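**Q** Residues per chain, in single letters:
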Amino acid sequence: MNPSTAWQRLTVAARRAPDTRDTAAPFGFSARVAAQALASPRRQASIFDQFSLRVSLRVLGAACALAVTAVSVSYPTVAGLFSGGVAPASSLSSRLSPAGPGSPESPAAVEIPSVDTPPATPSTGDDPVAELVDVVS
Amino acid sequence: MSDDQPFDLVGRLDRVRGGDQIAARELVEYLYPTVIRIVRSHLPRRVAEEDLAQEVFMKMFTRLGQYQGAVPFPHWVSRIAVTTCIDHLRAQKRRPEFRWADLAEDQAEAIDRVTADESAVAPNDAMAARELVARLLDELKPDDRLVIQLLDLEGKTIEEIGAITGWSQTLIKVRAFRARKKLQKHFAELKQEEGS
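Chains as they are written, first to last, in my numbering: chain A, 2 to 138; chain B, 51 to 246.
Bear in mind the hints are in silico, worked out from the structure with no lab data behind them. Since the model is a prediction, treat every value here as computed from it, not as a measurement. Cβ coordinates follow ideal geometry from the N, Cα and C atoms, glycine included. Check the hints yourself; a few may be wrong.
Said to hold, decoys possible - Residues from chain B that keep clear of chain A, each with C-beta distances beyond 10 angstroms, as calculated:
hint: 1; residue: 57
hint: 2; residue: 69
hint: 3; residue: 75
hint: 4; residue: 188
hint: 5; residue: 241
As the list claims (entries may be wrong) - Covered stretches of chain B, going by a simulated chain A footprint (3 or more residues, C-beta under 8 angstroms):
hint: 6; stretch: 104-111
hint: 7; stretch: 126-140
hint: 8; stretch: 205-215
hint: 9; stretch: 227-240
Stated by the list, open to error - Computed Cβ-Cβ distance ranges for the label pairs, DEER-style:
hint: 10; chain 1: A; residue 1: 59; chain 2: B; residue 2: 99; range: 45 to 55 angstroms
hint: 11; chain 1: A; residue 1: 55; chain 2: B; residue 2: 95; range: 40 to 50 angstroms
hint: 12; chain 1: B; residue 1: 95; chain 2: A; residue 2: 67; range: 35 to 45 angstroms
hint: 13; chain 1: B; residue 1: 95; chain 2: A; residue 2: 58; range: 23 to 33 angstroms
hint: 14; chain 1: A; residue 1: 75; chain 2: B; residue 2: 125; range: 56 to 66 angstroms
hint: 15; chain 1: A; residue 1: 13; chain 2: B; residue 2: 235; range: 17 to 27 angstroms
hint: 16; chain 1: B; residue 1: 60; chain 2: A; residue 2: 50; range: 20 to 30 angstroms
hint: 17; chain 1: B; residue 1: 113; chain 2: A; residue 2: 82; range: 47 to 57 angstroms
hint: 18; chain 1: A; residue 1: 29; chain 2: B; residue 2: 137; range: 25 to 35 angstroms
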């Protein structure tokens with residue numbers, strides 16, 4: 002037999018099968034569902050909610066733009082951190098340091114040695130002015 | 051709620067929006083037959099029909115603010131019921147594999163009679179056919195199953211199915227064509243299995 006004919010007869014026969022199951026709501030079902038549905042307040046977006054949502058999105062966008070600007074402006078400083086030289090936060094942290102700027106305790110004053118930078122000439126004396134004259138000459 | 055008076059759906063909806071619990075109960079009782087028929091037709095395995103019906107009604111109450119009246123309210127609820135059932139069917143990772151040997155002997159004989167001659171179908175044969183069709187439909191994808199269920203078993207028109215599902219007429223026709231091909235192929239394989 003042609004399968005399409007067989008399938009057609011099968012569905013026609015299946016359609017004739019009576020569905021004797023009750024379609025009325027079970028006892029207590031409607032009360033339970035109604036109570037549960039109305040107990041949880043339906044959250045409808047009010048005008049204030051919509052306004053605050055729009056404002057929030059704009060504020061988020063502005064914050065992102067500000068963050069990108071800040072990174073782009075301070076890029077040389079950030080790049081200097083990885084290429085060697087004085088740590089970028091030296092000025093601020095040295096000011097904040099209780100030991101004061103330039104003190105050996107201040108971590109920001111520590112010079113970061115670079116691979117390309119030649120090692121510093123060892124000082125021969127205690128007088129810094131004499132050392133500077135030596136370097137210049 | 052009196053059976054003599056027509057159900058005032060618009061009035062009930064207004065009262066439900068105002069938080070009237072009695073109106074909400076009456077609305078559930080009025081719509082329950084519609085919802086439970088859809089749920090029973092597309093019930094996934096291991097899911098209780100009452101739980102699924104409750105989920106449909108909870109969605110209905112939650113989305114009541116979105117109902118604009120463009121379609122009749124029962125149609126709108128039917129669409130919620132259909133999409134809820136499809137979501138559950140899609141969540142089923144595996145569809146059962148049906149074999150001819152799964153049928154009882156009298157069921158197999160009844161199906162043989164039905165497919166041989168449709169003129170006089172006994173009630174028991176019709177029940178057997180219904181069960182076989184349900185098992186075959188279980189093997190289809192949820193969307194295909196829905197189309198065949200509505201089109202071939204419930205006798206709905208393409209337009210009605212479009213109203214329930216929101217699918218275009220072309221999509222419904224294509225899905226119905228493909229689903230019927232799959233079913234016919236599988237049914238032919240089952241018959242071969244029976245013969246061997």
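**Q** Work down the list of hints and note, for each, if the structure agrees.
**A** Okay, the hints, checked on the actual structure:
1. 57: Nearest chain A Cβ is 14 angstroms from residue 57 of chain B, so the label holds.
2. 69: violated, 6 angstroms
3. 75: violated, 4 angstroms
4. 188: holds, 14 angstroms
5. 241: violated, 7 angstroms
6. 104-111: holds (count 4)
7. 126-140: As far as the stretch 126-140 of chain B goes, the hint is violated, because 0 residues have Cβ atoms under 8 angstroms from chain A.
8. 205-215: Violated, because only 1 residues of the stretch 205-215 of chain B bring their Cβ atoms closer than 8 angstroms to Cβ atoms of chain A.
9. 227-240: holds (count 6)
10. A:59 x B:99: 45 to 55 angstroms: Roughly 47 angstroms apart at Cβ, these two residues keep to the hinted range, so it holds.
11. A:55 x B:95: 40 to 50 angstroms: holds, 45 angstroms
12. B:95 x A:67: 35 to 45 angstroms: violated, 54 angstroms
13. B:95 x A:58: 23 to 33 angstroms: Hint violated: Cβ distance 43 angstroms, outside 23 to 33 angstroms.
14. A:75 x B:125: 56 to 66 angstroms: holds, 60 angstroms
15. A:13 x B:235: 17 to 27 angstroms: Since the Cβ atoms of residue 13 of chain A and residue 235 of chain B sit about 19 angstroms apart, the hinted range of 17 to 27 angstroms holds.
16. B:60 x A:50: 20 to 30 angstroms: Roughly 27 angstroms apart at Cβ, these two residues keep to the hinted range, so it holds.
17. B:113 x A:82: 47 to 57 angstroms: Once the Cβ atoms are compared, 54 angstroms apart, the range 47 to 57 angstroms for residue 82 of chain A and residue 113 of chain B holds.
18. A:29 x B:137: 25 to 35 angstroms: holds, 26 angstroms
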